[in-house]
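**Q** Counting the sequence shown from 1 gives a position; my numbering is that position plus 1.
Take these hints with a grain of salt, some might be off.
Claimed, not checked - With a straight-line Cα cutoff of 35 Å, these simulated DSBU-like cross-link-like pairs (lysine-lysine) come out: (1) K385 <-> K239; (2) K38 <-> K132; (3) K415 <-> K38; (4) K415 <-> K132; (5) K52 <-> K239; (6) K385 <-> K132; (7) K38 <-> K52.
Said to hold, decoys possible - If you anchor each label on the Cβ, the simulated ranges turn out as follows: (8) S129 <-> T369: 55 to 63 Å; (9) D373 <-> L72: 50 to 58 Å; (10) Y77 <-> A338: 34 to 42 Å; (11) G256 <-> T395: 20 to 28 Å; (12) A219 <-> P374: 17 to 25 Å; (13) A410 <-> Q59: 33 to 41 Å; (14) R102 <-> D180: 33 to 41 Å; (15) Q59 <-> D373: 23 to 31 Å; (16) E227 <-> A193: 47 to 55 Å.
Just so you know, these hints were derived from the structure itself, not from any lab. Just so you know, these numbers come straight off a predicted model, no measurement behind them. Even for Gly, the Cβ is constructed at its ideal location relative to N, Cα and C.
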Amino acid sequence: MNPPRTLIFGLNYPPETTGISPYTGAMSEGLTRQGHKVRAVVAHPHYPQWKVTPGYGQWSRNERISGVDVLRVRHYVPESPSSVPRAISEATFGVRQSLTRWGRPSAIVVVSPALIASVLVRARSLLSHRKTPFVVWVQDLYGIGMTEIGQGGGAAARVIRGLERWLLRSASMVVVIHDRFADRVHSDFGVALERVAVIRNWTHLPPLPPVDVAAVRASYGWGEDETVVVHTGNMGAKQALHHVVDAGRLAHQRGERVRFVLVGNGSQREQLVERIQAEPTTTEVMPPLDDDAFAAILQSADVLLVNELPGVAEMCVPSKLTSYFTSGRPVLAATDALGITAQEVHNADAGMIVPAGDPEALLDGAITLAADPEECLRLGENGKRYKETVLNETFAIERFDSLLADLTAEAAVKTPV
Numbered sequence: 002m003n004p005p006r007t008l009i010f011g012l013n014y015p016p017e018t019t020g021i022s023p024y025t026g027a028m029s030e031g032l033t034r035q036g037h038k039v040r041a042v043v044a045h046p047h048y049p050q051w052k053v054t055p056g057y058g059q060w061s062r063n064e065r066i067s068g069v070d071v072l073r074v075r076h077y078v079p080e081s082p083s084s085v086p087r088a089i090s091e092a093t094f095g096v097r098q099s100l101t102r103w104g105r106p107s108a109i110v111v112v113s114p115a116l117i118a119s120v121l122v123r124a125r126s127l128l129s130h131r132k133t134p135f136v137v138w139v140q141d142l143y144g145i146g147m148t149e150i151g152q153g154g155g156a157a158a159r160v161i162r163g164l165e166r167w168l169l170r171s172a173s174m175v176v177v178i179h180d181r182f183a184d185r186v187h188s189d190f191g192v193a194l195e196r197v198a199v200i201r202n203w204t205h206l207p208p209l210p211p212v213d214v215a216a217v218r219a220s221y222g223w224g225e226d227e228t229v230v231v232h233t234g235n236m237g238a239k240q241a242l243h244h245v246v247d248a249g250r251l252a253h254q255r256g257e258r259v260r261f262v263l264v265g266n267g268s269q270r271e272q273l274v275e276r277i278q279a280e281p282t283t284t285e286v287m288p289p290l291d292d293d294a295f296a297a298i299l300q301s302a303d304v305l306l307v308n309e310l311p312g313v314a315e316m317c318v319p320s321k322l323t324s325y326f327t328s329g330r331p332v333l334a335a336t337d338a339l340g341i342t343a344q345e346v347h348n349a350d351a352g353m354i355v356p357a358g359d360p361e362a363l364l365d366g367a368i369t370l371a372a373d374p375e376e377c378l379r380l381g382e383n384g385k386r387y388k389e390t391v392l393n394e395t396f397a398i399e400r401f402d403s404l405l406a407d408l409t410a411e412a413a414v415k416t417p418v
């Protein structure tokens, strides 16, 4: 019996370490271990710095990564990923994906974002692979996201919502990463619930090795009497990290021994650095870290931070939570109290929620957590337990494998040889 041939289209792929990339890579490799012959058509690594990584950038580049055949195609990468340049970037990527040779896959999976690229791939599939099962794996909901960050009005937003609706309703199956996403896909876009599957994301980190916390903290110049609050990942508009800089400024003014550390890169990084340099603050920025250093810094922080723009509630599930839960440290989430992020932290019983956009509440939340070491230990252990039982990589990959097998079998019945 021939192995299933799975063709995956996604913008981000390892060696990118943040955002969606680790999940697309892990799923591709996991399906390979399940016996699939996987081919992934992806972009050159460029996120979150929005600059192609040195050594990459060829018109096309073939790689073999952990058993996966990876084709990288060059596309337009804007220096400033505002709305129009980002749309052009996705469109050029979708054209490149659509014009590659697809072969005869058993199933096609597109990862959204990127929405516009996914729409172009779907249009191509309807021309050349109409009978092949087509799965949309939704990591973020575009239309909701545009509304929540204040870009929901106007013709462009209506076009995006229309494209998202068409893509999801045309798919054989829509895979989402949270139950709340499933509800919104059904209610907002009219996708039948039987065509929506929930497969949770997981942590891309292996079990974290023990670290010498005192040595790690000393290497970064963190005092023993300081409360260190670490935020990792993308530094974009959605994260609203200027509020964290302001919380650090308030800590400086009040003489509080609280240090905020922002680790990563993104479109807002330079603005954050300028804001830090403008007035005294206890907030600092660090570049992205390799896996070992990343694991060490998570375990050496006192508190791990999720910070969201006020109004962001339904558009995404922060991928950093899966890594945070692995670390055994408590989570402080500055977010909408009724949003997905707050629900996830509550479900795990792994941290504290404070209002988004309120630097004083953020600072006071960090101080409150740090003042109760036993509670911090309990919250951290709860997060680890939640990761092991709910956010399980093996279960997610097996579920995806089973879903693709069912769709392929159904397609074979409809189209007998």
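**Q** If a hint holds in the structure, say so; if it does not, say that too.
**A** So, going through the hints one by one against the coordinates:
1. Between K385 and K239, the direct Cα distance comes to roughly 26 Å. Compliance with the 35 Å bound is thereby established for this hinted pair.
2. Annotation: proposed proximity of K38 to K132 holds, straight-line Cα distance about 19 Å (limit 35 Å).
3. Simply put, K415 and K38 have alpha-carbon atoms about 23 Å apart, close enough for the 35 Å limit, and the pair holds.
4. Our distance criterion of 35 Å between C-alpha atoms is met by K415 and K132, whose separation comes to about 9 Å.
5. Note on K52 and K239: the hinted pairing holds, with a Cα-Cα distance of about 20 Å set against a maximum of 35 Å.
6. A hinted pair counts as satisfied when its Cα atoms are at most 35 Å apart, and K385 with K132 does not qualify at roughly 42 Å.
7. Between the alpha carbons of K38 and K52 the distance comes to roughly 31 Å, so the proposed pair stays at or under 35 Å and holds.
8. The given range of 55 to 63 Å is respected by S129 and T369, whose C-beta atoms sit roughly 58 Å from each other.
9. Range check, D373 to L72: Cβ separation about 51 Å, and the 50 to 58 Å hint holds.
10. At about 39 Å, the beta-carbon gap between Y77 and A338 stays in the expected band of 34 to 42 Å.
11. Under the hint 20 to 28 Å, the C-beta atoms of G256 and T395, about 48 Å apart, miss the expected range.
12. The hinted range of 17 to 25 Å is satisfied by A219 and P374, whose Cβ atoms lie roughly 20 Å apart.
13. Distance hint for A410 and Q59: a CB-CB separation of about 38 Å, consistent with the stated range 33 to 41 Å.
14. At about 38 Å, the CB distance of R102 to D180 agrees with the hint of 33 to 41 Å.
15. A C-beta distance of roughly 53 Å is found between Q59 and D373, which places it outside the suggested range of 23 to 31 Å.
16. Taking 47 to 55 Å as the suggested C-beta distance range, the pair E227 and A193 conforms, at roughly 53 Å.
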